[in-house]
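Colleague: One letter stands for each residue in the lines below.
Number of protein chains: 4
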Amino acid sequence: MPLQNRFEALDLAGEVGEDVVESPPMRSHRKRQLAPRFQTTSDKKEIRVIIVGDFLLGGTEGPICKLDPHHRELCSLPGAQIRDITPQPRALNRLLPTADLPDSSMTPRKKLQGLVAATITPMTPDGQVNLLVIRQYVDYLVSKQNVKSVFVNGTTGEGLSLSIQERKRLAEEWVCQGKDKLDHVIIQVGALSLPESQELARHAAAIGASGIAVIAPFFFKPTNKDELIAFLEKVASEAPAVPFYYYHIPPLTGVKIRIEELLDGIKERIPSFQGVKFSSTDLLDLAQCINKNKREQFEFLYGVDEQLLSALAIGADGAVGSTYNYLGGKTNLMLQAFAKPDLALARKYQFLTGEFLNFVIKLGTVVSS
Amino acid sequence: MPLQNRFEALDLAGEVGEDVVESPPMRSHRKRQLAPRFQTTSDKKEIRVIIVGDFLLGGTEGPICKLDPHHRELCSLPGAQIRDITPQPRALNRLLPTADLPDSSMTPRKKLQGLVAATITPMTPDGQVNLLVIRQYVDYLVSKQNVKSVFVNGTTGEGLSLSIQERKRLAEEWVCQGKDKLDHVIIQVGALSLPESQELARHAAAIGASGIAVIAPFFFKPTNKDELIAFLEKVASEAPAVPFYYYHIPPLTGVKIRIEELLDGIKERIPSFQGVKFSSTDLLDLAQCINKNKREQFEFLYGVDEQLLSALAIGADGAVGSTYNYLGGKTNLMLQAFAKPDLALARKYQFLTGEFLNFVIKLGTVVSS
Amino acid sequence: MPLQNRFEALDLAGEVGEDVVESPPMRSHRKRQLAPRFQTTSDKKEIRVIIVGDFLLGGTEGPICKLDPHHRELCSLPGAQIRDITPQPRALNRLLPTADLPDSSMTPRKKLQGLVAATITPMTPDGQVNLLVIRQYVDYLVSKQNVKSVFVNGTTGEGLSLSIQERKRLAEEWVCQGKDKLDHVIIQVGALSLPESQELARHAAAIGASGIAVIAPFFFKPTNKDELIAFLEKVASEAPAVPFYYYHIPPLTGVKIRIEELLDGIKERIPSFQGVKFSSTDLLDLAQCINKNKREQFEFLYGVDEQLLSALAIGADGAVGSTYNYLGGKTNLMLQAFAKPDLALARKYQFLTGEFLNFVIKLGTVVSS
Amino acid sequence: MPLQNRFEALDLAGEVGEDVVESPPMRSHRKRQLAPRFQTTSDKKEIRVIIVGDFLLGGTEGPICKLDPHHRELCSLPGAQIRDITPQPRALNRLLPTADLPDSSMTPRKKLQGLVAATITPMTPDGQVNLLVIRQYVDYLVSKQNVKSVFVNGTTGEGLSLSIQERKRLAEEWVCQGKDKLDHVIIQVGALSLPESQELARHAAAIGASGIAVIAPFFFKPTNKDELIAFLEKVASEAPAVPFYYYHIPPLTGVKIRIEELLDGIKERIPSFQGVKFSSTDLLDLAQCINKNKREQFEFLYGVDEQLLSALAIGADGAVGSTYNYLGGKTNLMLQAFAKPDLALARKYQFLTGEFLNFVIKLGTVVSS
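Chains as they are written, first to last, in this note's numbering: chain A, 7 to 375; chain B, 7 to 375; chain C, 7 to 375; chain D, 7 to 375.
Okay, chain A solo, but in the shape it has when bound (with noise of 0.2 Å):
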């Protein structure tokens, strides 16, 4: 069975055990001709591979994981075991008083640095956002893949298809069981009605966020960086004492205003302004973004996960994807190995993702089994 094999083909000494899921299998709540379940030959036990896509894999513009967000439906989080969801009360569903949640800006922060898993966003069957299964999904990450910071109702996560009281009791969730787990909790808050994000970005800071990133607005597109400033600035107002990150994601918004420029004074504008997730394929602009601003210690976090041995040749800090949400513990041994450096060794981690997307590409939608 070809599925199989180039599978394991990915599995390099082993590393891939920890994918073994050996609770019972989840009941998928619905039927999918081009998402197969499979075996490996070797140990006979069920592998679960989600693959939700950062829509830039391989370079085209085009989702290749088709998540078919309509539907609502689609993404199941590894491990969830829905049978036991559905009939409980949806209790969590309340806004966290806030005398109860850690109080970031008393701590010295932590850099943000390395892999942030960009979350998916788990759905019951009768396409309700499923709160319950965060705290799982975070043990997950943490034990299993070894990620540590989140970017939550971003392109992965669909936050633009979700409502906003949607957006708020996912952004809730995360934040209250990734506390004392998680070191960063990002959560994007950008929309396109301004109001909206500034209401978001304001209970971002409520509920204790360590950070809020915001999407350019992509219907009415901003055309130069005073356009997109002006956006970012009435957002990050809204909540100034958070650590405020520009989502870069040029094929999906259509806004190509250079990074370089748009950090050129931008501290006198969003004094809170701390770096960038940059899903674009412009080396130069990432390059010169981060020899300038050294002095600044923005963080810059690349967001082309089959490209980011390459991004981090030039320096970036560390990545924000989709891919880390099952390959961060791969891909921690890739940023360990480019730390030595030993770039063949760097190299041959980059071409096993590089393999499993190219296979997933080819497949053009979720694998899950």
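Some clues are possibly wrong.
Claimed, not checked - Restricting the straight-line Cα-Cα distance to at most 16 Å, the calculated cross-link-like pairs of lysine to aspartate or glutamate (EDC-like) are: (1) A:Lys300 to D:Glu361; (2) B:Lys298 to C:Glu361; (3) C:Lys298 to B:Glu361; (4) A:Lys298 to D:Asp132; (5) B:Lys240 to A:Asp270; (6) C:Lys240 to D:Asp132; (7) C:Lys300 to B:Glu361.
Derived from the structure by calculation, the hints contain no laboratory data.
Given chain A's structure and the hints, the job is docking chains B, C and D onto it.
Modeller: Just chains B, C and D, lined up with the frame of chain A:
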């Protein structure tokens, strides 16, 4: 002064007289260097023109009349007396009791044809939606432009940049003020979030809108007919008794699914399907749609204002556009000339409109004087 | 057999009779699974249709009738009897003595209007340009399609994929065979290399072409009017007595400079400037061109066949396109209906053409039977 | 004077000294307001820099160093003394006898790696190709930039805008002058016309070129691997003993077929296949190509100069680009730093190059002083 001359050139035998506003000039709440106030030499009266742009003028995909929606303070209505408005209580923001509403399903439906104004969204100086001027707006359209149908919360109205609450209030006000004055009040209820779009559809039905229109999702874009229909169907089914229009505007959404293909069998999926706002230059597609769907009596309203005559030639029923806010009178004359048919005269009107739009395109901004 | 029915549906009261070829069927030199030979049920005669495509059909920029020009063996002329051709000496490939040629500058020039066929380039089975069938081709166009003008070496004719020598020979043969039969023979002389384009322009003048047309350079693209004019001017000045046409086809060249802007003052730069082959869907641009240049009497020939009726509505003089090779007769009937004006009838013809093109678009390849 | 400072900032420990030209300044045959002549403050000597651009600088698809090829008078070679050249007979324009040429198939082939200069095409003031300066050009590249391989008639060299004869003469001159001085002379023989491309391939073989490269046809674009291979194969087979390179530059050609897919089985179709000039930012594609084709020992030369370090990180063999004409020395230092590996130092060089290119991008034109 060249601006003056260009504008006067548009005046075909003096019919622009209806644009003259004799009331005290609007106290503009902001300065804009590119929006000069100018007078005609003939009568020394101030002429006020608001160009809101369909973002399709000139066949380019980029906005030519930059609305800068992020500032939320740009648009102002012809004749709005902003001075009076600010102190007033915003008591209008209530949900209208359904009992008072016209029952659209009972009265014999009037065909949607002729001109439909894509309404702008008036704002107060402090960035709130200005509901108080909608009544005036309705009267102006009917009496000055002879336009009796409106398309609310679309691209021109910046619907996608408003919050759900703002969209609801605007819809309510248009339906309420349009009662007994307007023939059709179509509410654009499309949104990136399916539940929000459904909520808006239910709301539009509850307040008695004549129709709803839905733009295709444009962040995660549907890539084939089935995906698009699946989304539209879920919205339409929330307002099953309200005529449904698909809002086709590929230059802004990037969704290029051909309408001819979309319409094939659509009544089985969306029984309330009634027509298309067709904002594309693919006139082959439009012609085939019109030809094939005669039996269905769908309504095809063209949305590229400067090419309307070309769309009429192949059988379009009417037009939805921003220019009908201020060039409705002239365009109605074009429709009459076309109906005779006096193509040479119709062409003259289309040329004038084109000349005017070209002028605006070169200006590249909102003209407000 | 559905193909049959679809084709017959195009037959409006039997006028397609002129497409029936009674001569022995062409022995196709290659097999093509997607190019089925079919018969009408009514008369059991073979009908031969060659779709060459303007690569604009359907409003898409991609080729829909894949010509596969790299194989150089695809096109064949209606009625060509290839069996007879191969053994013949290729004696025609000589430069015609200038003395024999019609002196285009002496006779009063006939306005270029109505239909112009964008000719295909016939090839022999071994990949040579088949000059021997041009005579037949001329007779076919005149007698069967009532088309008396041609546009040679354009997109349809794959001029850019031919060598300079091949282009010259084709031009010679069309001018020679068209003498006393055709009204206008326009030679497309644009090339990526300026010296080669100039050479082709001098050659076209020497052989007595009625006009030359030049496509914009499309590798290094001119980005403003001045750059474009500079190139066109240098070509035109090599053939100063020959009417000059700009070949505007932005979907293929990527050169989007508006024609309205281009024409402003063009006579001072290019005294021989005569008109535009306008293959764009920007009808605002076309309308303004027509309106503003009445005094100049420029000729505007529309090049998006399936939208011709819409271009006529705003005043186009005629059309250049590939479909007039085989739908010239029908399109002439549309022109007549439009002239009355009987728009309803004209629309029927446009619908038929559209239906036929849609059929071909779905087939996605050359139809040859 | 800011320009000065920006340029000096590029001077890392004085190594740009080799760019200083002490000979009498070139008498420029045209004025250009955007190409200021400037001096460094340090030595008051004139520095001459020619930016020719790969039209990919900055990751944009548009030309940033506008060559205005239609004027055919822009480029001039560093050190060219145009005064002396004009009156000279153009006796060099002969076809070199094959007997004199190096037999590339006999000597053991040196791997193509490191830096390859994409040569510009020098012109005389009257628009002729200036063959007389090629000898100087070769010496300059070898002695001043330590660059020993060239890529002739590519994008930088405006090969597609030259006539076939001009391309042949240039190729001859480079092969002739490069004998015993250069390691590799690669001739780009791609053309829109297949017969012309084949003719250029035969010619390149006859004169003893080290390799030929072929760009994808970009007017009628191949849309899948088979179409592309079919074209390449027909060119390659005309020069079966000459190493063949595919010139992949999707931003200019619009041909986006992935190289990984193209290479699969390519040796069976094109036995002389040797490698790829890879001018794309799809580093996933590049990485997979490198990884999968180790056994084949294909050569991968990266063509986006400002991202070279990122391509080296994933295993590129070298680079072909326009900047190596004048930044070859510096880029060689980057290659050395990368080989150690001293990534921090390599990054410094890449930053300098990026800074310089950014400067040029903002200037938006040819810098010549």
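Colleague: Each hint: holds or not?
Modeller: Structure-based check of each hint:
1. A:Lys300 to D:Glu361: holds, 15 Å
2. B:Lys298 to C:Glu361: holds, 10 Å
3. C:Lys298 to B:Glu361: Since the Cα atoms of Lys298 of chain C and Glu361 of chain B sit roughly 10 Å apart, the hinted pair holds (cutoff 16 Å).
4. A:Lys298 to D:Asp132: violated, 44 Å
5. B:Lys240 to A:Asp270: Cα-Cα ~45 Å, so violated.
6. C:Lys240 to D:Asp132: holds, 14 Å
7. C:Lys300 to B:Glu361: Holds. Lys300 of chain C to Glu361 of chain B sits at ~15 Å (cutoff 16 Å).
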